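Asks: Here are the chains, one letter per residue:
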Amino acid sequence: MAVRVQEADFDVGAELAALRQGDPRIGALASFVGLVRDVSDGAGVSEMTLEHYPGMTEKALAEIVDEASRRWMLIDVLVIHRVGRLLPTDQIVLVAVAGAHRGDVFAACEFIMDYLKTRAPFWKREVTAAGARWVDARESDEVARERWQI
Amino acid sequence: MNEVTMLKVLYFASLRERLGRSSEELALPAEVADIAGLRDFLVARGGPWENLATLRNLRFAVNQEMARLDSPLRAGDEVAFFPPVTGG
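One line per chain: the protein sequences are A and B, in this order. For the first sequence, position 73 matches number 73 in this note's numbering, and the numbering has no gaps at all. Each position in the second sequence, counted from 1, maps to that position plus 150 in this note's numbering.
Looking at chain A on its own, in the form it has when it is part of the complex (with noise of 0.2 Å):
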């Protein structure tokens, strides 16, 4: 189980292929990798600026770890989240979710990009032509997140 946070870029296909490497009892690999988009709210963006908490953002990243090894059956777990300068295409995040069957990796992923968007301390600022401004929180994210409480 491991957590990164950074403003280095990821490469998807060495990080998957590392976390599964040499262990012959992972039968699933799920990954997530969210990116920045050229779009938010109706206005362009040219770039965005993540900034967070740096010690809190690294513990409630391990904590939303944990708890999902303790809901799934689940090998290993890579979070990686990006800080700083990002601009569109760039990607931002990566959840790999390692396990003996798909059901318990899919699960897992999707609960922890649920919980790493409505707990983990990172906020988004982005640029468009109107100028800069803070991301409001969605509603939606929020409802995500509440269906996993049953």
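Simulated from the structure, these hints should not be mistaken for lab results. Values in this document were obtained by computation on a predicted structure and should not be read as measured data. We treat Cβ as the ideally placed atom computed from N, Cα and C, and that holds for glycine. There's no promise every hint is true.
What the hints assert, rightly or not - Restraint ranges, calculated between C-beta atoms of paired labels, are given here: (1) D11/A x F191/B: 41 to 51 Å; (2) A180/B x A130/A: 44 to 54 Å; (3) P179/B x S46/A: 38 to 48 Å; (4) V193/B x Q21/A: 12 to 22 Å; (5) D9/A x A203/B: 16 to 26 Å; (6) A129/A x L176/B: 37 to 47 Å; (7) E47/A x E215/B: 30 to 40 Å; (8) Q21/A x R171/B: 19 to 29 Å.
Said to hold, decoys possible - Over 10 Å on every C-beta distance to chain A, these chain B residues come out as not near it, computed from the model: (9) A163; (10) E175; (11) L176; (12) V182; (13) D184; (14) D190; (15) G196; (16) P198; (17) L202; (18) G238.
Let chain A serve as the given structure and place chain B on it in line with the hints.
Replies: Same frame as chain A, but now just chain B:
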């Protein structure tokens, strides 16, 4: 005895910009016992600090764990105020 409670207070994102400050060390009166008390103490500075009372959905953390208005504060704690998170 005149015991002083030192706190480290952090501000993030849009709140940091509104306050023009990202962190400070505070010596607090003994009557500030929780986040709500600290918030009231800071709001009393006036001007941009009134954002701490008026911003919707402001979030709090104590020692890097999510906290609530009634979460207690102790000497040496690290407290953070920030808007709802928008990562991922």
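Asks: Taking the numbered hints from earlier one at a time, note which ones the structure violates and give those numbers from smallest to largest.
Replies: Hints 4, 5, 8, 9, 18 contradicted; others consistent.
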